[in-house]
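Please arrange chain B on chain A, whose structure you already have, making use of the hints.
Residue numbers (our numbering), protein chains in the order written: chain A, 1 to 396; chain B, 1 to 164.
Hints are computed from structural coordinates only; laboratory data are not their basis. These figures come from a predicted structure and were not determined experimentally. Incorrect hints may have been included.
What the hints assert, rightly or not - Among chain A residues calculated to face chain B with C-beta under 7 Å, some are: (1) 280; (2) 283; (3) 284; (4) 286; (5) 326; (6) 328.
From the three backbone atoms N, C-alpha and C, an ideal C-beta is built for every residue, glycine too.
Okay, here's what each chain looks like letter by letter:
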Amino acid sequence: MDMVAAKLSLDPAEVRRRNFVQPEEMPYHAGILYRDGEPICYDSGNYPETLAQALKAAGYEELRKQQEDLRQHGRYLGIGIGCYVEGTGVGSFEGAKVRIDASGQIVIATGATGHGQGHETVFAQIAADLWGVSPEDVRLIEGDTASIQFGCGTFGSRSTVNVGSALFEASARLKEKVLQLAAHLLEANRDDLELGNGKVFVRGMPQRSLSFSELARAAVPGWASKLPNGLEPGLEETFYFVPATVTWANAAHVAVIEVDTETGEIKLLDYVVSHDAGRLINPMLVEGQIHGGVAQGIGAALYEEICYDPNGQLLSGSFMDYLLPGSMEVPKIKTVHLESPSPLNPLGIKGLGEGGAIAPPAAIANALADALLPFAAQVNDIPLSPHRVLEIIRRK
Amino acid sequence: MIAKRPIELTVNGKQCEGLVEPRLSLADFLRDHLGLTGTHLGCEQGICGSCTVLFNGETVRSCLLLAVQVNGGKVLTVEGLAGLAKDGEALHPIQQGFLEKLGFQCGFCTPGFLLTVYELLSENPSPSEDEIREHLSGNLCRCTGYQNIVAAVLWAAERLQKTS
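This is chain A alone, in the form it adopts within the complex:
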């Protein structure tokens, strides 16, 4: 797209604007299959807005002026854009078991085991929201086949989508049972009951209530049971959410670099992410995922390379040669959050665990090509190590 822009003397952002799927075209059938075998259908998103926000946060107009000034002084600033869509929440399924135990605590179990991205927080938030309790009243169990029979796993930007949806459905079913039990015990109409603060109460009469703990203790089998006919013991429901296909997140990244044409060194001056991953549950955790993804993308763009010699001997066998980005290599990342809720699951969630890593190689390579416009450089290989950059410059 940047080559098209150069050829037609258009701004690279403008070329993208003219070629985006527009929001009024959603849902948009791309005409090819996704890796889950289903036809790709972009379900929601406002791609022009995502890019507009990225350019605004980057100060694009000002950067173009700066670039022009610096060129007069023989300095090469480059601005690169990378836009993408990401198929998130892939199947085949994920489950959630929701149980209210005798203490009134909501215990949830799932087979999607976290690695530190924050399942304990996000799933507790969702459950707390669904049940009208605080996240501290929710306990998460993961990775235990004794707690939930089936699980798929955590990968592919899928956990919040699928576990969140499973939590929603399991909770909806369990709520129905809880309300039926409470209606029976409070001698009230099921439709006059509400949930809040860990209790079920009669609307308008908060003193007529039962706590979750009381309800759980009423739902025991045997002589102590207070269950009406037709309700089985225990307050527990399991639901396995099977998504029809992925739901589509999108983002626009802007990379600002300066390249030293003598040494080939690229300095990353600024990095902006404007992203849309549907309904966002926890902003801090969202940014954590984005930062980590972008850092990995920067590694791919500038530092990481697996090298073999002509005999197949691995040359980059240690971190001395395989360079991982450190705190000096990853700049401060600016993030703009947009939300186009997914129509494909009850909570409108899309995934974002990996998205950050998608665009940096494109954005940074485009930034280099942009910086080297006077050299008519072709940038087609990564990582853009200094020697590769010098080759690119000399090749003109």
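Relative to the frame of chain A, chain B by itself:
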């Protein structure tokens, strides 16, 4: 058969001893002999920093040091950090900062970072963001992109200034 050597050292304020082969790394001694598994092994080549501990007040790569080399010395591992907190606080301010600011995700690199930050804030109680990034440039993290780690350090620095 290489004869084992006796060693004596202080770890997290407690006297410890061991009978070790000369080739045993400090990391393996801490993890396998003392059961202090907070010190992690990411590369065993001294680059990733997840094995970082303090030896006589300075950060070292425990994967590259031999246990026999620390005989008679003082080692601080991540397990000893909370014990250095003031006024019965459950966590050291540096650890609290990492909690507040989401300075960790999988946690593998975290002990190494905590001790490196401890060294930084001991030398430079009010570091700038650039100074922080430079001091931490020897510790690799794949999860966080470093931004929240820097934020955690700034939080901890401010907290430590307040309570000192």
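Okay, the hints, checked on the actual structure:
no. : hint : in the structure
1   : 280  : 15 Å, violated
2   : 283  : 10 Å, violated
3   : 284  : 5 Å, holds
4   : 286  : 10 Å, violated
5   : 326  : 5 Å, holds
6   : 328  : 5 Å, holds
Hints 1, 2 and 4 from the earlier list are contradicted by this structure; the remaining hints agree with it.
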